[in-house]
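One line per chain: the protein sequences are A and B, in this order.
Position in the first sequence counted from 1, then plus 349, gives you the working numbering.
Position in the second sequence counted from 1, then plus 114, gives you the working numbering.
Note that these hints are calculated values from the structure, not bench results.
Backbone N, C-alpha and C fix where the C-beta goes; we use that ideal spot for every residue, glycine too.
Hints should not be assumed to be uniformly reliable.
[As the list claims (entries may be wrong)] Cut-off 30 angstroms, straight-line C-alpha distance, at most; resulting in silico cross-link-like pairs (DSS-like, lysine-lysine):
| # | chain 1 | residue 1 | chain 2 | residue 2 |
| --- | --- | --- | --- | --- |
| 1 | A | 436 | A | 549 |
| 2 | B | 321 | A | 520 |
| 3 | B | 430 | B | 333 |
| 4 | B | 303 | B | 321 |
| 5 | B | 303 | B | 333 |
| 6 | A | 436 | B | 560 |
[Unchecked claim] Going by beta-carbon spacing under 10 angstroms, a handful of chain A positions derived as facing chain B:
| # | residue |
| --- | --- |
| 7 | 351 |
| 8 | 361 |
| 9 | 371 |
| 10 | 432 |
| 11 | 433 |
| 12 | 452 |
| 13 | 454 |
| 14 | 512 |
| 15 | 515 |
| 16 | 556 |
| 17 | 561 |
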Amino acid sequence: MRILVVEDNDLVADALTLGLGAAGFAVDRAASAEAAHNAFATEHFDLLVVDVGLPGADGLSLVRRLRASGATQPVLILTARDTLAIKVEALNLGADDFLLKPFEQDELIARCRALIRRANLYAGEQVNLGRLRLDVAGRVLRIDELPVELTGREWLVLECLVLNSGRVVSKERLQQAITGFDQALTPNAVEVYVSRVRAKVGDAAVIRTVRGLGYRLDEPRN
Amino acid sequence: MSRETESAPSIQRRLLWFLLPPLAALMLAGVYANYRAATAFVESAYDERLGDAAIALAGSVLADGPRLRVDTSMVPATAHRADHLVALRYAIVSSGGELLAGSREVPAAAASISANPTFADVLVSGEHLRVASYRISIDNAQAVISVAESAAQRAVPGRFILTSTWLMDFIQLDVTLLIVWLGVHFGLKPLLSLRRQIEAGSPRELKHLDATTVPAEVKPLVDALNVLFDVLAEAARSQRRFVADTAHQLRTPITGLLGNLELLMKEPAATALAPRLQALHTGMEHLARSANQLLALARADPSTSFTEQFDAVDLKALAGRIVEGNLTRALNAGLDLGVEAAPVAVRGNVRLLEDLLGNLVDNAIHYTPSCGHVTVRASLREGRPCLEVEDDGPGIPEEQRGRVRERFYRVPGTSGNGCGLGLAIVSEIAEAHGAQFTLESGAQRKGTRARVLFRSAAV
Chain A
350 MRILVVEDND
360 LVADALTLGL
370 GAAGFAVDRA
380 ASAEAAHNAF
390 ATEHFDLLVV
400 DVGLPGADGL
410 SLVRRLRASG
420 ATQPVLILTA
430 RDTLAIKVEA
440 LNLGADDFLL
450 KPFEQDELIA
460 RCRALIRRAN
470 LYAGEQVNLG
480 RLRLDVAGRV
490 LRIDELPVEL
500 TGREWLVLEC
510 LVLNSGRVVS
520 KERLQQAITG
530 FDQALTPNAV
540 EVYVSRVRAK
550 VGDAAVIRTV
560 RGLGYRLDEP
570 RN
Chain B
115 MSRETESAPS
125 IQRRLLWFLL
135 PPLAALMLAG
145 VYANYRAATA
155 FVESAYDERL
165 GDAAIALAGS
175 VLADGPRLRV
185 DTSMVPATAH
195 RADHLVALRY
205 AIVSSGGELL
215 AGSREVPAAA
225 ASISANPTFA
235 DVLVSGEHLR
245 VASYRISIDN
255 AQAVISVAES
265 AAQRAVPGRF
275 ILTSTWLMDF
285 IQLDVTLLIV
295 WLGVHFGLKP
305 LLSLRRQIEA
315 GSPRELKHLD
325 ATTVPAEVKP
335 LVDALNVLFD
345 VLAEAARSQR
355 RFVADTAHQL
365 RTPITGLLGN
375 LELLMKEPAA
385 TALAPRLQAL
395 HTGMEHLARS
405 ANQLLALARA
415 DPSTSFTEQF
425 DAVDLKALAG
435 RIVEGNLTRA
445 LNAGLDLGVE
455 AAPVAVRGNV
465 RLLEDLLGNL
475 VDNAIHYTPS
485 CGHVTVRASL
495 REGRPCLEVE
505 DDGPGIPEEQ
515 RGRVRERFYR
525 VPGTSGNGCG
535 LGLAIVSEIA
545 EAHGAQFTLE
555 SGAQRKGTRA
565 RVLFRSAAV
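Hey, can you work out the whole structure from these sequences and the hints?
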């Protein structure tokens with residue numbers, strides 16, 4: 350997986366390049382929107398990490414330009430300014446996620462992985478999350494290369510949680526994800542499916558219950 | 115009203131001071147002049163009557179040889195009459211000193227032969243008398259006719275006049291003073307409403323005063339105040355911009371430092387330095403938190419446009435967002451962070467309310483020890499929307515609960531890296547939303563329950 354980091358501050362760019370590199374990504378760096386655009390035109394990247402405050406054309410204009418040229422790769426926006434206007438504009442322009450400075454390396458890596466996973470999931474490709482490997486097209490879950498049998502609804506629950514790993518998924522959303530299957534389900538039934546998935550995944554991923562909100566799937570901490 | 119405003123010079127009091135005493139003195143002088151004019155007129159009327167009586171008496175004096183005598187049958191009835199106002203006494207004395215008629219007690223005024231009677235005030239056995247004397251000469255014999263009237267009796271109508279003028283003038287005076295007072299009071303009304311306008315505005319808002327409704331006399335003052343407000347507001351704005359810019363500028367280097375530090379901590383060679391690197395990391399996080407709080411404080415200022423951009427804000431969704439945003443930190447701290455929310459909406463600024471709830475949750479996570487619980491609630495309390503953050507941490511001592519809302523105040527002896535801005539931000543944002551912010555003990559008198567009670571739900 351190859352990531353293009355567009356950041357003009359050397360200290361931040363170094364940390365991003367080294368951190369993402371240590372997490373197993375191939376990382377290229379551009380210090381301006383112009384350089385990023387040139388790099389993007391000649392090379393393939395799976396993900397862009399773009400700082401808003403760039404010298405010259407800013408990060409948002411870069412996203413606009415890339416989307417206008419038909420690029421579909423996920424874009425993670427970094428910004429020091431947490432105004433709602435920037436957030437809304439970034440998401441409207443086609444950015445996929447938004448991270449406010451300062452952030453922890455682990456948070457950035459988790460977001461990058463989630464974005465790439467989501468892109469792969471939509472593309473029907475193989476998705477990796479720690480020791481889990483989801484073969485989206487064949488609907489097969491493997492843990493440490495060993496296949497685990499899931500029912501249709503269990504698969505949908507796991508897929509929804511993996512798609513949103515690191516984020517809280519509400520009970521209602523899980524309910525919607527699995528009711529398309531046949532008739533309506535009670536929220537209690539959702540709990541049953543989540544606990545079944547939790548049992549099948551074991552310690553390969555953590556599925557937390559967040560009181561009053563829903564569930565969150567994380568990679569286990571090492 | 116404070117003592118200060120009472121001792122301060124008051125235009126109303128000055129106007130009344132300058133108007134009322136001279137007016138009162140003028141009215142008193144008027145009473146006196148009226149009295150004098152009226153009594154002088156009455157006096158001359160009485161004198162004329164007294165003189166007429168003397169002249170009328172002269173008709174009863176007849177020549178009797180070389181002597182004179184008085185034909186009593188010809189004494190006019192008026193001389194005998196004693197009505198309730200005037201009793202007249204008379205004496206007709208010949209030039210030889212012989213009393214021809216009347217009473218000897220009546221003294222004569224020095225009267226010469228002339229067309230008119232002469233008048234005098236005399237004191238006879240303790241009684242003040244007004245005497246009119248008229249000298250007649252018949253066949254070389256002369257007589258003096260004196261008619262007297264008691265001054266005390268005369269004073270009766272004088273007193274009556276005085277009383278009635280006093281009464282009339284007093285009523286007039288009172289009405290005048292009342293009119294002056296009312297005039298001053300209502301004339302100064304625009305000043306009072308200006309004062310109310312100034313008092314109504316928050317001292318930090320620095321809003322323009324409405325110069326269109328103020329009187330022309332104070333308009334220059336109001337205009338000058340508005341200019342001053344502009345200058346102050348601009349100074350406050352640039353200070354806030356500076357704080358916000360600085361906080362923003364800090365974020366990028368902090369990101370770089372934090373990222374590099376985290377990478378460094380993962381190096382195998384760093385194991386020996388782990389405690390020191392961890393301390394550095396904690397300090398860096400503290401720095402990041404402070405920068406965020408400074409920004410939130412700059413945003414919460416009443417003069418920012420945030421306090422004017424109010425929309426319906428769903429508290430349940432807000433609670434969900436804030437809890438999700440703080441979940442990783444809570445999990446890392448070994449805390450159970452959760453939500454209990456009902457669908458409630460208020461009118462407010464979503465960015466500020468995020469700061470408000472974010473700071474309450476941040477505080478709870480910060481001060482609650484591992485294995486504790488933090489719960490965010492959104493509910494309706496007696497019809498009023500309510501946000502609560504409850505933890506089962508050490509709690510805030512009751513006597514400290516007021517002070518913790520002050521900027522940069524920290525409860526003595528607390529650990530952690532708070533800079534003491536969190537609750538000041540919460541206070542300010544609650545105030546901007548007209549909401550009540552209270553701190554109390556949590557369930558079973560343990561921990562802290564921070565509550566923000568809004569005025570009314572948004573429709």
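Evaluated hints:
Pair hint residue 436 of chain A plus residue 549 of chain A does not hold up; C-alpha atoms about 38 angstroms apart against a cutoff of 30 angstroms. Our distance criterion of 30 angstroms between C-alpha atoms is broken by residue 321 of chain B and residue 520 of chain A, whose separation comes to about 48 angstroms. Our distance criterion of 30 angstroms between C-alpha atoms is broken by residue 430 of chain B and residue 333 of chain B, whose separation comes to about 49 angstroms. Restraint check for residue 303 of chain B and residue 321 of chain B: the C-alpha separation of about 22 angstroms stays at or below 30 angstroms, so the hint holds.
For the proposed pair residue 303 of chain B and residue 333 of chain B, the alpha carbon gap of about 14 angstroms is at most 30 angstroms, so the pair holds. With a C-alpha separation of about 39 angstroms, the suggested pairing of residue 436 of chain A with residue 560 of chain B is violated against the 30 angstroms cut-off. At about 20 angstroms, the closest approach between the beta carbon of residue 351 of chain A and any beta carbon in chain B exceeds 10 angstroms, and the interface hint on this residue is violated. Given hint, residue 361 of chain A at the interface with chain B, holds; its Cβ is 4 angstroms from that chain's nearest Cβ, closer than 10 angstroms.
A hinted interface residue such as residue 371 of chain A counts as satisfied when its beta carbon comes closer than 10 angstroms to some beta carbon of chain B; here the least separation is about 7 angstroms, so the hint holds. Taken as an interface hint, residue 432 of chain A checks out: its beta carbon lies about 8 angstroms from the nearest beta carbon of chain B, inside 10 angstroms. For the restraint placing residue 433 of chain A at the interface with chain B, the shortest Cβ-Cβ distance is roughly 6 angstroms, inside the 10 angstroms limit, so the hint holds. The interface hint given for residue 452 of chain A is met, as the beta carbon of that residue sits about 7 angstroms from the closest beta carbon of chain B, less than 10 angstroms.
For the restraint placing residue 454 of chain A at the interface with chain B, the shortest Cβ-Cβ distance is roughly 4 angstroms, inside the 10 angstroms limit, so the hint holds. The beta carbon of residue 512 of chain A is not positioned within 10 angstroms of any beta carbon in chain B (closest approach about 16 angstroms), and the interface hint is therefore violated. A distance limit of 10 angstroms between C-beta atoms decides the matter here; for residue 515 of chain A the minimum to chain B is near 8 angstroms, and the interface restraint holds. Given hint, residue 556 of chain A at the interface with chain B, is violated; its Cβ is 13 angstroms from that chain's nearest Cβ, farther than 10 angstroms.
With its C-beta approaching chain B no nearer than about 3 angstroms, residue 561 of chain A sits inside the 10 angstroms limit, and its interface hint holds.
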